[in-house]
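Chain by chain, the residues run as shown.
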Amino acid sequence: MTARIRKNADVLVVIPAYNEERNIGTVLRKIHSLPDPPDVVVVNDGSADRTSEVARGEGAVVIDLPVNLGIGGAVQTGFRYAVRKGYRYAVQLDADGQHDPEELHRILDPVRAGEVDIAIGSRFVADTGYRAPLMRRVGMVILASFISRIVGCPVRDSTSGFRAYSRQAFTFLAEHYPVDYPEPEAVVLLARNGFRIVEVPVKMHERLNGSSSIDTGRSVYYMIKVLLAVFVESLRARLRAEEGAAA
Amino acid sequence: MNYRIQIFAIAGALVAVALIFELIRKRKLLEQYSILWFVSAVILIVLAVWRDLLEVIARVMGVYYAPSALFLIALFLGVILFVHFTLVISKLTRQNVRLAQEVGLLRAELEELKRNTSFASKQVKREENEQAEN
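If you read the protein sequences in the order shown, they are chains A and B. Be aware that the first sequence starts at 39, since it is given in this note's numbering, and climbs by one per residue. Be aware that the second sequence starts at 4, since it is given in this note's numbering, and climbs by one per residue.
Note that these hints are calculated values from the structure, not bench results. Be aware that one or more of the hints could be misleading.
Claimed, not checked - DMTMM-like mimics (lysine to aspartate or glutamate), calculated; alpha carbons at most 20 Å apart, straight line:
#1 A/K45 / A/E91
#2 A/K123 / B/E105
#3 B/K94 / A/E213
#4 A/K123 / B/E133
#5 A/K123 / B/E112
#6 B/K94 / A/D218
#7 B/K117 / A/E271
#8 A/K263 / A/E244
#9 B/K117 / A/D102
#10 A/K123 / A/E153
#11 B/K94 / A/D48
#12 A/K263 / A/E221
#13 A/K123 / B/E114
#14 A/K45 / A/D218
To be verified - Partial list, derived from the structure: chain B residues whose beta carbon lies under 8 Å from chain A:
#15 A19
#16 A21
#17 I23
#18 V63
#19 Q98
#20 A111
#21 L113
#22 R129
Just so it is clear, CB atoms sit at the ideal spot from N, CA and C, and this is done for glycine as well.
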């Protein structure tokens, strides 16, 4: 190892991956070809395919979970790794190629500048060329208005899994992270505990191969479940004192 | 109250207590999960034996036929047991997730350690060879 100081050496990209052997390679290559490549950890969530081997082949650190924990449990594993290894920033990025690693600096910069604790890459803040199916769009609008009300600032794309976190934020999430459909819940949890959140416009792609974990048929179920989870979350006691949040 | 139903109620509760006791004795059931079962069975036995008390409770509940009140109470105790079980399951699930995460993290740590030591031992060997040549 050379002693040259890399600009993004304090950044860990956490990629939860479940049966993504066809996409994970491309995503990792894109990250490695960045001008300042950050460290990457792939959390293989009990995949049945060759996700782990492909990721290792690309030189990524891979954490193989012995059983499938779901996206929440996988992402949290990444945060725990980041805490132990002493990273200052953590970025969550999907393994399916939806999120463009070249947009990484957009969500990282506001966190690095200390302006916010969490920056969410959103496809709605500006017209970024993303078109979701109609049903899903309707659901997202309802969810967005509900969450924005609870959080107290506009969050239009609360389901986005493209996020940058400060050390304080991911240390908090390493202990407390919602399990089932965690993204919208995590937004509410963090906002309720005094973390500052901002949404940043990013380009998003259609996933490269295979189908999303949430198809149109299940989006109604998803909506009800998420709304309920978010509502309950907003009624819970705060886990962190407000004073600590400003630091 | 009909005596036959009283006998059945007492016998049923006694069998339940005996079964739970046997399961604990064989170490198939942890004591901590059996307390609620015992409490439920004891309450049912008391109500089945002490008929006057059951009559009073039934009247307070607005139930005219006292054994029906016994069924209702048994059902209520059953619901409490179910809630208790789901609480236990939730706790186990949380612990399971933590354990799985820890296994994954430790495995990654172990791999890193192995890589580093094999690299280090190769380097030591190389140095030894160089010294031998000199």
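Interface hint compliance - B/A111 to chain A, C-beta minimum distance less than 8 Å: Constraint on B/A111 satisfied, holds at 5 Å.
Given the hinted pair A/K263 and A/E221, is their alpha-carbon gap at most 20 Å? At roughly 12 Å apart (the allowed maximum being 20 Å), A/E221 and A/K263 satisfy the hint.
Checking one constraint from the list: CA of A/K45 to CA of A/E91, max 20 Å. Satisfied? Since the Cα atoms of A/K45 and A/E91 sit roughly 28 Å apart, the hinted pair is violated (cutoff 20 Å).
Tell me if B/A21 is really an interface residue toward chain A, meaning its C-beta lies closer than 8 Å to one of theirs. 38 Å, violated
Measure nothing beyond the straight line between the CA atoms of B/K94 and A/E213; if it is 20 Å or shorter, mark the hint as holding. Measuring from Cα to Cα gives roughly 15 Å; hence the hint holds.
Are the Cα atoms of A/K123 and B/E112 separated by 20 Å or less? 10 Å, holds
Checking hints one by one. Is B/I23 an interface residue toward chain A, by the C-beta closer than 8 Å rule? 32 Å, violated
Does the structure keep B/K117 and A/D102 at a Cα separation of 20 Å or less? Holds: B/K117 and A/D102 sit about 16 Å apart, inside 20 Å.
Verify the proposed pairing of B/K94 with A/D218, using a straight-line Cα cut of 20 Å. The hint holds at about 15 Å.
Restraint check for A/K123 with A/E153, where alpha carbons must lie at most 20 Å apart: Not satisfied, since the Cα-Cα distance of roughly 24 Å exceeds 20 Å.
Next pair to validate is A/K45 with A/D218; report whether the Cα-Cα distance is within 20 Å. 34 Å, violated
Does A/D48 sit within 20 Å of B/K94, going by the straight-line distance between their CA atoms? Judged against 20 Å, a Cα distance of about 35 Å means the pair is violated.
Going down the numbered hints, you'll see the structure goes against 1, 4, 7, 8, 10, 11, 14, 15, 16, 17, 18, 19, 21 and 22, while the others check out.
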